[in-house]
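Protein chains in written order, with UniProt numbering: chain A, 1 to 87; chain B, 1 to 129.
Treat each hint with caution, since some may be false.
Restraint ranges, calculated between C-beta atoms of paired labels, are given here [to be verified]:
| hint | chain 1 | residue 1 | chain 2 | residue 2 | range |
| --- | --- | --- | --- | --- | --- |
| 1 | B | P126 | A | D23 | 30 to 38 angstroms |
| 2 | A | I78 | B | G83 | 38 to 46 angstroms |
| 3 | A | V70 | B | H77 | 39 to 47 angstroms |
| 4 | B | N75 | A | Y29 | 31 to 39 angstroms |
| 5 | B | N75 | A | Y74 | 45 to 53 angstroms |
| 6 | A | V63 | B | E98 | 18 to 26 angstroms |
| 7 | A | S72 | B | V7 | 52 to 60 angstroms |
| 8 | A | P47 | B | F102 | 32 to 40 angstroms |
| 9 | A | P76 | B | S70 | 33 to 41 angstroms |
Far from chain A by the CB rule (all over 10 angstroms, computed), these chain B residues [what the hints assert, rightly or not]:
| hint | residue |
| --- | --- |
| 10 | I58 |
| 11 | V60 |
| 12 | Q79 |
Read the hints as simulated data drawn from the structure, not as lab findings.
Think of the CB as a built atom: it goes at the ideal place given N, C-alpha and C, for glycine as much as any other residue.
Take a look at the letters that make up each chain.
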Amino acid sequence: MALRAEVLSLFRSLLRTAAKFSDYNIREYAKRRVIDGFLDNRGLTDPSSIAAAFADGKSQLEVAKRQAVVYSLYAPRIKSVMEVESP
Amino acid sequence: MAAMAAVRSALLSHLRVRVESPAAPAVALSFVHIIRRRFSNEVMGSFLDKSEVADRIITVVKNFQKVDPSKVTPNAHFQKDLGLDSLDTVEIVMALEEEFGFEIPDNEADKIDSINVAVDFIASHPQAK
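Given the sequences, and given the hints that come with them, work out the whole structure.
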């Protein structure tokens, strides 16, 4: 069963990886998705479903890490209007 | 024909001098620059003023969606005073990393549970900017 510290560490790793996407929309979606995923599973008590959710999170982390690298090769050439600092 | 060759070689040597001369000082300059950079505050890091750190941290915490800005005080505890959970605390520490431009290792990040601790940690960290 996953320990509390391990879960928080997974959460942090996912957020760090989400921040690496070069496209604004993907970056923001990944961040939202990570936070929503952890909030949805906050109430889990059954050890086997906690373990399943933890394993799913870990595999998603690998997917996100890989995709952040792949997408960086095809990064948008111009910034999203959302990233432009207002004067 | 001989005159042409003389003119040509004179021109070539002239060109060679002209090409080489501006390049040399540029290399020397960048070398000095590299040495100076290595010892400058920018690279070695410097400590930020504690009250400035506190102000910036309070601004970051107040901007966090789930926080009631009126409850944020310099002594606020994230979970006891601001009603945040452990996931929110991780998010706030990530936001602080972004604000101060450096990565906080997991074992240090786990200890940051209130604004006071965050101020002490960041003010004593040379890479915070």
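Indices of hints not satisfied (ascending): none
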